Amino acid sequence: GEDVEQSLFLSVREGDSSVINCTYTDSSSTYLYWYKQEPGAGLQLLTYIFSNMDMKQDQRLTVLLNKKDKHLSLRIADTQTGDSAIYFCAGPIMNSGYSTLTFGKGTMLLVSP
Amino acid sequence: EAGVTQSPTHLIKTRGQQATLRCSPISGHTSVYWYQQALGLGLQFLLWYDEGEERNRGNFPPRFSGRQFPNYSSELNVNALELEDSALYLCASSPRYRGFLDEQFFGPGTRLTVL
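Residue numbers (our numbering), protein chains in the order written: chain A, 175 to 287; chain B, 1157 to 1271.
Don't take every hint at face value.
[As the list claims (entries may be wrong)] Derived DMTMM-like pairs (lysine to aspartate or glutamate); straight-line CA-CA distance at most 20 angstroms:
id: 1; chain 1: A; residue 1: 279; chain 2: B; residue 2: 1207
id: 2; chain 1: A; residue 1: 230; chain 2: B; residue 2: 1259
id: 3; chain 1: A; residue 1: 210; chain 2: B; residue 2: 1258
Simulated from the structure, these hints should not be mistaken for lab results.
Just so you know, these numbers come straight off a predicted model, no measurement behind them.
Make the full structure from the sequences, and use the hints.
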């Protein structure tokens, strides 16, 4: 399977919570990241979590990390139409002696009014 | 502070031609990464340069190459273009490699279309 896997699509109504899930394979990952890509734009770092943390909260964003299951999730509270974008989780994977940031295929979040 | 810049914004080439894409990192950053974002494939790691040296490359054929200049800007060259090279090419920069991956800051990308 892929090193980092995500569900591809999520549709929610404005005001609801969104939960985007990700699984990864490399147990040595030190940081795990969530990036956001709006249409026609590059990637913007949303938040990250250290591998020794279980949870991190940053305003409307909550990141949960289950190291045992190698599962990462991003919860967006009170989702707004401006949150519509593609969300990527990413983590370092060892490749030829160096860590390379490996991305999931991205989850497209569609927020309807 | 200026972010990562890439040029050109769009590039249209025909099969067999060569494409050159450019990236300027954030001031003070010495690491530059290149990614390919093709439709349906997510981000695929292409190349990583740090302080002028190629540190790592992804699973791409040798016709994808690049270099990093003394001012840490970088070029990505794609030779013998194929239709499936059509994608958004993203550049990212980070501070000098210190044994672990730092946060990467992304540019807006170059959209390459191969006809």
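Right, here's what the structure says about each hint:
no., hint, result
1, A:279 x B:1207, "violated (29 angstroms)"
2, A:230 x B:1259, "holds (17 angstroms)"
3, A:210 x B:1258, "holds (17 angstroms)"
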